[in-house]
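Here the protein sequences come in this chain order: A, B and C. Here this note's numbering is used: position 206 in the first sequence is 206, and no number is missing along the way. Here this note's numbering is used: position 55 in the second sequence is 55, and no number is missing along the way. Here this note's numbering is used: position 73 in the third sequence is 73, and no number is missing along the way.
Any given hint could turn out to be false.
[What the hints assert, rightly or not] Pairwise CB distance ranges (calculated):
no.	chain 1	residue 1	chain 2	residue 2	range
1	C	E237	B	F96	56 to 62 angstroms
2	A	V22	C	A80	37 to 43 angstroms
3	B	S40	C	E107	44 to 50 angstroms
4	C	A80	A	L74	56 to 62 angstroms
5	B	E8	C	Y114	47 to 53 angstroms
6	C	R15	A	P51	36 to 42 angstroms
7	C	G139	A	S235	36 to 42 angstroms
8	C	A80	A	G238	28 to 34 angstroms
9	C	D79	B	R38	44 to 50 angstroms
10	A	V28	C	S65	45 to 51 angstroms
11	A	P51	B	P26	17 to 23 angstroms
12	C	A80	A	V199	40 to 46 angstroms
13	B	V95	C	Y114	24 to 30 angstroms
14	C	D85	B	F96	44 to 50 angstroms
[Said to hold, decoys possible] To be clear about the criterion: a stretch of chain C counts as covered by chain A if any three or more of its residues have a C-beta under 8 angstroms from a C-beta of chain A, and this derived list gives those stretches:
no.	region
15	173-187
16	231-241
[Claimed, not checked] Below, simulated DSS-like cross-link-like pairs (lysine-lysine); rule was C-alpha separation at most 30 angstroms, straight line:
no.	chain 1	residue 1	chain 2	residue 2
17	A	K49	C	K69
18	A	K49	C	K239
19	C	K69	C	K81
20	B	K94	C	K167
21	C	K81	C	K167
22	C	K88	C	K167
Hints in this document: simulated from the structure, not taken from any laboratory. Beta carbons are placed, not taken as given, at the ideal position from N, Cα and C, and that holds for glycine.
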Amino acid sequence: MPSSDTRNPLTRFTERMGRTVVAGVEEVGYCGVLVAQSLFWLVAGPRLKQPVRVDSVFVQMMEVGVRAVPIIALLGGAIGVMLAIQGVHTLRIFGAESRVVIGIALSVTREFAPLITGILVAGRSGSALAARLGIMTINQEVDALTVMGINPVRFLVVPALIALMVMVPALTFFSGLVGLFAAGLYVGADLGISMAAYVDQTIEILSTDDVMHGMGKSLIFAALIAVIGVANGASVTGGAEGVGRATTRAVVQAITAIVLTDMIFAFVVTR
Amino acid sequence: MIHRIKDENGVTVVAFEGDVDLESSPEARRILLDCLGRTSSLLVDLSAVTYIDSSGIASLVESFQNARKAGRHFALVAVSGSVLSVLRLSRLDKVFTIYDTLEDGLARAG
Amino acid sequence: MDGREQKPEKVIEVRDLVAHYGERKILNGVSMDVYAGEIMVIIGGSGSGKSTLLRHVMALEHGTSGTVKILGRDPAALDAKEALDLRKKIGVAFQGGALFSSMTVGENIMLPLYEHTVLDRTTMEIMARLKLEVVGLAGFEDLMPAELSGGMVKRAAFARAIIMDPKILFCDEPSAGLDPVIAAALDDLLLRMREAMGMTIVVVTHELESAFSIADRITVLDQGRILLTGTTEELRETKIERIQNLLQRRTEEEIVDPEEYLERLMGERSGERARL
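Sequences are here, hints too, so could you generate the full structure?
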């Protein structure tokens, strides 16, 4: 393939477009295969006497979930207060400050808790997953697993995937609680509503549907973070620099996927 | 792998036959530890062992150390050349009590 | 087979193997047999395709065309269970060790046992310590790989490679990057392990000294083709100029095709870059 190209620019552009699209489709396909293989090992692993190890799932859950609790609490709280401030400020224009609780309750539960949690976990754990797999790939540790007859998807991917699918919804729930509570503190102080009244109102506003909406999204985000992290990590070439690139790509792609999915999900489910 | 246990004047002789490998060594280990619980002197006859891998060796090591701790006699007899070379690789030929023949082993153990 | 019944059993059989990396041809019709119990050393310069050949005989990759048979089976045609049975009979010591950095040396060595056997934990631990004894790393089982020196990492990798008492052991550049004394000790270790366990050993290296000291037979690979397979004597006496140059570390004057050279300088043959 000659690189000093004499063909006309349009042909070249089209070709480059085509290649990018093919590469993109290939990557999405690879992600799909990863999910399918993960499911296979989860179900068929024990029968093949190669179960997914529970202890490595727990290690991942600690890392992905438990260690993220403080930062999730901080962000969840900040988002709650921020929404309360903006909500009160906006509704004051109509003299309807007291209606702020509806806005806070719905937006935190349906939107902000899953979104913020997803983005944070993508930055924290998606990148770590990509880096870990990338380093293992260039150190031939993945090859070593394969030649030992240990399937890398079962050994490395499934524990991370399960940990994320459990912990991201859990963190989302926690983040929502903290956010609503923090908002309540601000609203109480600003508008003089008692905490008990705020909690009552919030519970009355929120339906199971709203909670499930947030949780459902967070489950999808978790899968996206895992699969994108793995796909980028596993395709690392070019040494330490390559690992750095893959890590960055994993975070950017995961956050992009989360935001786009969020929009599509909202569009499909809410209307 | 098959095994036979006989009693010769208070000395228990375990004879293994065939391959002692990853598949069969858990059984070999159980048999050895079992016998050690019931006898004060154990001879392991390896003459009919065609192949022993490191899991088999590891079971022998564990049994030997258990026997020593319990003050029991434990020896290997009729170790074939291939088994001996595996023992030599990890210098275990200098650790185990090894007799050339079963008769020899029985004479010393008795 | 082939009617040569007196020869020992072939454990590896490569026939007309062609392999590509992207669009570049790395292996161009390679055929090689490795017999039970021998030490086969594959030598060649960088870019000769020796690492690629190794990846194919370890069944990490499957070629574009041609066949590879390991212990009589074609790894590309096996189902999951059969492939696993084959894998259990193969040990690999990777160039950089490829130890898992999150596990101790002992856990690394025990991993195949833990994953594939129902042995008692005590048995596994004794086995791991036995292998560490063999490679001269006794007492290191609780250290992390990061705490080991380069030579120790390679030894630990050997210990992990032989934990299941494989029939075939593959070693990728066992002595690369080690000082000569440690490298010689590793060569000696390979010879002792073959002696005691009757393993077939395939070594890929560019260290000629090491190759000559351990090999029963040597395969010389050059630009994706086999120049010669033979004993060390056959290799020393060969008339093939490229091999003599290789043995005497002479750099050879490359035949220059002016057109190709110009194209290369103009960057018009970017697909021909050497693979690292």
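Verification of the supplied hints:
Checking the proposed 56 to 62 angstroms range against E237(C) and F96(B) shows it is violated: the Cβ atoms sit about 47 angstroms from each other. Checking the proposed 37 to 43 angstroms range against V22(A) and A80(C) shows it is violated: the Cβ atoms sit about 30 angstroms from each other. Hint check: S40(B) to E107(C), Cβ distance near 37 angstroms, so the stated range 44 to 50 angstroms is violated. Checked against the hint of 56 to 62 angstroms, the C-beta distance between A80(C) and L74(A) comes to roughly 46 angstroms, which is inconsistent with it.
Against the hinted window of 47 to 53 angstroms, the Cβ-Cβ separation of E8(B) and Y114(C) comes to about 39 angstroms, which falls outside the hint. Our hint of 36 to 42 angstroms for R15(C) and P51(A) holds, since their Cβ atoms are close to 38 angstroms apart. Between G139(C) and S235(A) the CB atoms are about 39 angstroms apart, so this pair conforms to the stated range of 36 to 42 angstroms. Separated by about 32 angstroms at the C-beta atoms, A80(C) and G238(A) satisfy the suggested range of 28 to 34 angstroms.
The hinted range of 44 to 50 angstroms is satisfied by D79(C) and R38(B), whose Cβ atoms lie roughly 45 angstroms apart. Range check, V28(A) to S65(C): about 30 angstroms between beta-carbon atoms, so the 45 to 51 angstroms window is missed. A hinted range of 17 to 23 angstroms holds for the C-beta pair P51(A) and P26(B), which are about 19 angstroms apart. For the pair A80(C) and V199(A), the supplied restraint of 40 to 46 angstroms is violated, since their beta-carbon distance comes to about 54 angstroms.
In this structure the supplied range 24 to 30 angstroms holds for V95(B) paired with Y114(C), their Cβ-Cβ distance being about 26 angstroms. For the hinted restraint 44 to 50 angstroms between D85(C) and F96(B), the CB-CB distance of approximately 32 angstroms leaves it violated. Coverage of a stretch by a chain is defined here by at least three residues with a beta carbon nearer than 8 angstroms to that chain's beta carbons; for the region 173-187 of chain C and chain A the count is 0, and the condition is violated. Coverage of the region 231-241 of chain C by chain A is violated [criterion: at least 3 residues with CB-CB distance below 8 angstroms; count 0].
Pair hint K49(A) plus K69(C) holds up; C-alpha atoms about 26 angstroms apart against a cutoff of 30 angstroms. Straight-line distance between C-alpha atoms of K49(A) and K239(C) comes to about 54 angstroms, which puts the hinted pair past the 30 angstroms bound. With a CA separation close to 17 angstroms, the supplied pair K69(C) and K81(C) stays within the 30 angstroms bound. Simply put, K94(B) and K167(C) have alpha-carbon atoms about 26 angstroms apart, close enough for the 30 angstroms limit, and the pair holds.
For a cut-off of 30 angstroms, the pair hint linking K81(C) to K167(C) stands: about 18 angstroms separates their Cα positions. Between K88(C) and K167(C) the CA atoms are separated by roughly 9 angstroms; this keeps the pair inside 30 angstroms, and the hint holds.
Checked against the numbered hints given earlier, this structure breaks hints 1, 2, 3, 4, 5, 10, 12, 14, 15, 16 and 18; the rest are met.
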